[in-house]
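Asks: The residues making up each chain are set out below.
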Amino acid sequence: MSSAQFVQYLISGITSGSVYALVGLGFTIIYAVTKIINFAQGEFVMLGGLLSFTLIHSAGLPLVPALIISVLIAAAIGAIMYLLAIRPAKNASVVSLIIITIGVAIFTRGIVGQMLTKDFVRPPSFSGEESISFLGAYIDPQAVWVIGTMVVVTIILHLFLNYTMVGKALKACAINPVASSMVGVNPKIMALIAFVLAAAIGGIGGVVLAPLTPISYNAGVMLGLKGFVAAAIGGFGSPVAAVFGGLLLGVVESFAVAANWGPFTSAYKDAIALVVLLLILLIRSGKLAEEERTG
Amino acid sequence: MLARLKSKWIYLPIAALLAFLILIPFEWFFAQYTTLMIFIGIYTIVTVGLCLLMGYTGQVSLGQAAFFGMGAYVSAILSKTYGLNPWLAMFVAAIMTGAFAYIIGYLIFRLKGNYLAMATLGLGLIMWILFRQLSQFTGGPDGMSGIPYLSIGGFVFDTSFRRYFLVWAFCLAVLLISQNIVRARTGRALRAIHGSEAAAESIGINVGRFKAKILALSAVYASLAGSLLVYNMTIVNPQAFDFLASVKLVVMAVIGGLASVWGAIFGAGTTRILSDEVLLRFGEWDVIVYGLILVLVMIFMPEGLFVKLKEVFQRLRFRYRQRGVAP
Amino acid sequence: MSGSVILETKGLTKAFGGLVAVDKVDLSIKAGKITAIIGPNGAGKTTLFNLIAGVFPVSGGEVYFQGKLLNKVPAHKRASLGIVRTFQHVYLFGNMTVLENVMSGRHPRSSYGFFEAALRLPKARREEEAISLNAIKYLNLVGLGTHAEHDALSLPLGQQKLLAVARAMATEPRLILLDEPGAGLNTSEKRQLSDLIRNIREMGISVVLVEHDMPLVMGLAEWVIVLDSGQKIAEGTAAQVQKDQKVIAAYLGEEVE
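Residue numbers (this note's numbering), protein chains in the order written: chain A, 98 to 392; chain B, 22 to 348; chain C, 23 to 279.
Just so you know, these hints were derived from the structure itself, not from any lab.
Accuracy of the hints is not assured; some may be wrong.
List time: in silico SDA-like cross-link candidates among lysine to any residue, alpha-carbon distance up to 20 Å [said to hold, decoys possible]:
| hint | chain 1 | residue 1 | chain 2 | residue 2 |
| --- | --- | --- | --- | --- |
| 1 | C | K159 | C | A140 |
| 2 | C | K99 | B | G229 |
| 3 | A | K187 | B | I198 |
| 4 | A | K187 | B | F321 |
| 5 | C | K94 | C | V77 |
| 6 | C | K52 | C | F78 |
| 7 | A | K265 | A | V275 |
| 8 | C | K94 | B | R230 |
| 9 | A | K366 | B | A219 |
| 10 | A | K366 | B | P162 |
| 11 | A | K268 | A | T251 |
| 12 | C | K145 | B | I198 |
| 13 | C | K90 | C | H111 |
| 14 | B | K331 | C | K145 |
| 15 | A | K132 | A | I111 |
| 16 | A | K187 | B | L313 |
| 17 | C | K55 | C | L177 |
| 18 | C | K212 | C | A260 |
| 19 | C | K145 | B | R204 |
| 20 | C | K94 | B | A219 |
| 21 | C | K212 | C | K145 |
If you want a taste of the chain A side facing chain B, the calculated C-beta under 7 Å gives, among others [said to hold, decoys possible]:
| hint | residue |
| --- | --- |
| 22 | V192 |
| 23 | I195 |
| 24 | I208 |
| 25 | V241 |
| 26 | G245 |
| 27 | V249 |
| 28 | G281 |
| 29 | A368 |
| 30 | L371 |
Every value quoted in this text rests on a predicted model; they were computed, and no experiment measured them.
For every residue, glycine included, the Cβ atom is placed at its ideal position computed from N, Cα and C.
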């Protein structure tokens, strides 16, 4: 492989990895605060993309307002999801909660498919289509937006969690819900914030991704799964770890397809994430089992 | 032991139900619903396995369609491409699927709750990708056709009349076997695991192995159902085994009742009727309705719709009894 | 049998990250006796039980049961060897009746599996009969015979604890570990419990209990071991331990119950 090709695949991997990272951040936030695995996480990304397309194309909104409104709607749906589907379930078992989030996921997917469109959509790129030359490879300027957005979101999230009252409360709730409730942190409000935040981040991922690779109302499943892998690699602990996980997954995927090992044609690209997922789960399962017993 | 406690009155409605079932495929009765009932029977078999898995061990499988599909494809390939006797093919498929599930289960069941769901989701998707990609075996996205019917000697199960009885014979056998398992030592061990894994371990129950066994059982059921599906339609294609298929199976289990054996008929039945008769008229609203069902049922009646209905019915009967009216 | 050592630990240690919960504890539990393990909160008593029961792996040291090394034996195999434990939070099987809970306890003493159950083979039916009869026997032992068909969780706490003991006894143990059996019980329930524990001892079964209730312990225990901050600080008869300076000092640092 020439160095130019190497850079090309690397950039491609980092780009998709950035999206996985954003989805993974969402998973991590919700899990850390509520111990729920939100199977609808991928749908927020899909919403971001489809909403921005619809607002720009059908409603004729200019770019920036359309992006902002799309993210806001995604965040609102996150809030609605928590208030209508999660909170009423009170002390539901793990099984019930999983099924509920899946129900929300397919419900959302169905509504979007019926009300918006079932086709693949591709909103306009933020800053034109001309490829930028970089170290011998070509980058789509939208890819720069994707990677840049991921970096900015991660930094802002870090600042939020560590330097604002709300953020620190969120973090405290994640580390020790009992103790933090005793000092006045309301776990229900924290959960709501976690969902809104995760939905917003997912939506942001969607609005930057869609101009690069067309998405359809079905995109949520795979994106959600890959974001989960990212979060799993990061151990569902710190946001930074999830970002690392996402980038790692993206790069591994990219190079596995590039290397063209045996059956690894692009059709199998998705399977790679799944295999990585299963491997991680198996490796971690030994540690997890011990942790849970002592917890 | 429990059977002896039930009054003799229970046998009357059971006999009536059985008679009803037997008479359906006759022309002068409800023959137009034969095909629908065949599908309900097939899906009931998968649903029972899922109900046992999810209900008694509190684990979620989001990839049950993987086992369903494995049963379908393996028996299709063995009987069509390699000319193996269809009964043998079905048996081999069940063994393979069961063994595969047992190994996966043993590895994965060190995880709890959330992680298992994702793992089965991943597994389901991998299988679906394989079904579509290994075209030299599976016929790719278009699937395979020309799969032979099952037969005993010269008697071929080709008409829908004959296939109906074939499927429901299997279905009732599966239900009875599951009933036996639930009432026995194994069923108690499963319920113990669901009640408290720590306590179950302390009294000698090998939690991991039991979970793997029940996953294997649910996989064997799903595989049998998959084989029956293929020998019923004589074609197979990957459409029936995608993520949505796994979700629909969960809907069936949820409606039927997560820990209920006979509720599985109700779950499979209502879901099939819903999707075939009702929703198809309204375009593709089925996904939306399924999502709504999952959320609402799990919030308001987490033990499942059928089980909840049974409870309501029992409470009404109790109230009647109190007023001195015979049950 | 009496006078011999049924359970032994040598240098038993358990650390969770940087926190050492059990610190090089040496124990020698005599067979056929009632032994109590006491100590202030956080002394590591439940962790010690968890180690003996095999709930998590040891960080160091060994556990011997009837001379056999237990370290590598998984938790679920220990019941058939003869060690059973109860839990502080009871952990009954809420989805079963009282009788079914005890029948579950017969698991290590029965053997038929999926296949025999599925087809209701004679072996299965025979074993089910035996399981039921044995379970009723143990239910009567704790005085809950009349509640057999009730839902397990419909019982008040005191009876739930008795049920848990019945379930544990159904495994036919040689050694039973009771984790705070008296917690949450009133005076008459505690008396019932003491009688039951003495009955169990009469049956030749060794009892080890972790307890906070001093009068209960002092009235029952033939040997008392005191833990503090994961270490064994004293052992002896109830009378000896009560006067031990180190023990008094350890408890002074804690709220009086």
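Asks: Take the hints in turn and mark each one as holding or not.
Replies: Against the structure, the hints come out as follows:
Restraint check: the Cα-Cα separation between K159/C and A140/C comes to about 27 Å, which exceeds 20 Å; the hinted pair is violated. Using a Cα cut-off of 20 Å, the hinted pair K99/C and G229/B holds, with the two alpha carbons roughly 12 Å apart. Taken as a hint, the K187/A and I198/B pair is broken in the structure, with Cα atoms around 36 Å apart against an allowance of 20 Å. Restraint check for K187/A and F321/B: satisfied, since their Cα atoms lie roughly 10 Å apart, inside the 20 Å limit.
With a C-alpha separation of about 11 Å, the suggested pair K94/C and V77/C falls inside the 20 Å cut-off, and the hint holds. For the suggested pair K52/C and F78/C, the alpha carbons sit about 24 Å apart, so the restraint of at most 20 Å is broken. For the proposed pair K265/A and V275/A, the alpha carbon gap of about 15 Å is at most 20 Å, so the pair holds. Between K94/C and R230/B the alpha-carbon distance is near 18 Å, which keeps this suggested pair within the 20 Å criterion.
Among the hinted pairs, K366/A with A219/B is inconsistent with the structure: their alpha-carbon atoms are about 40 Å apart, more than 20 Å. A threshold of 20 Å between alpha carbons decides the hint, and for K366/A with P162/B the separation of about 17 Å falls inside it, so the pair holds. Note on K268/A and T251/A: the hinted pairing holds, with a Cα-Cα distance of about 15 Å set against a maximum of 20 Å. A C-alpha spacing of about 16 Å is found between K145/C and I198/B, which places the hinted pair at or below 20 Å, so the restraint holds.
For the proposed pair K90/C and H111/C, the alpha carbon gap of about 30 Å is over 20 Å, so the pair is violated. Distance hint between K331/B and K145/C is unfulfilled; the C-alpha atoms sit about 33 Å from each other, more than 20 Å. Pair hint K132/A plus I111/A does not hold up; C-alpha atoms about 28 Å apart against a cutoff of 20 Å. Note on K187/A and L313/B: the hinted pairing holds, with a Cα-Cα distance of about 18 Å set against a maximum of 20 Å.
Taking the CA atoms of K55/C and L177/C, the gap is near 30 Å; set against the 20 Å cutoff, the hint is violated. Pair hint K212/C plus A260/C holds up; C-alpha atoms about 18 Å apart against a cutoff of 20 Å. Straight-line distance between C-alpha atoms of K145/C and R204/B comes to about 15 Å, which keeps the hinted pair within the 20 Å bound. At most 20 Å may separate the alpha-carbon atoms for a hinted pair to count; K94/C and A219/B meet this at roughly 18 Å.
Proposed proximity of K212/C and K145/C is contradicted: the alpha carbons are some 41 Å apart, above 20 Å. Interface hint status for V192/A: upheld, as the beta-carbon distance to the closest one in chain B is roughly 5 Å, under 7 Å. Because the smallest distance between the Cβ of I195/A and any Cβ of chain B comes to about 5 Å, under 7 Å, the interface hint for this residue holds. Proximity of I208/A to chain B holds as hinted, the smallest CB-CB distance being about 6 Å (cut-off 7 Å).
Evaluation of the V241/A hint against chain B yields a violated restraint, the C-beta minimum of about 31 Å exceeding 7 Å. At its closest, the beta carbon of G245/A sits 29 Å from a beta carbon of chain B; the interface hint therefore is violated under the 7 Å criterion. A cut of 7 Å between beta carbons decides the hint on V249/A: the least distance to chain B is about 28 Å, and the hint is violated. Checking G281/A against chain B: minimum C-beta separation of about 29 Å lies over 7 Å; hint violated.
At its closest, the beta carbon of A368/A sits 5 Å from a beta carbon of chain B; the interface hint therefore holds under the 7 Å criterion. With a least beta-carbon distance of about 4 Å to chain B, the hint placing L371/A at the interface is held under the 7 Å criterion.
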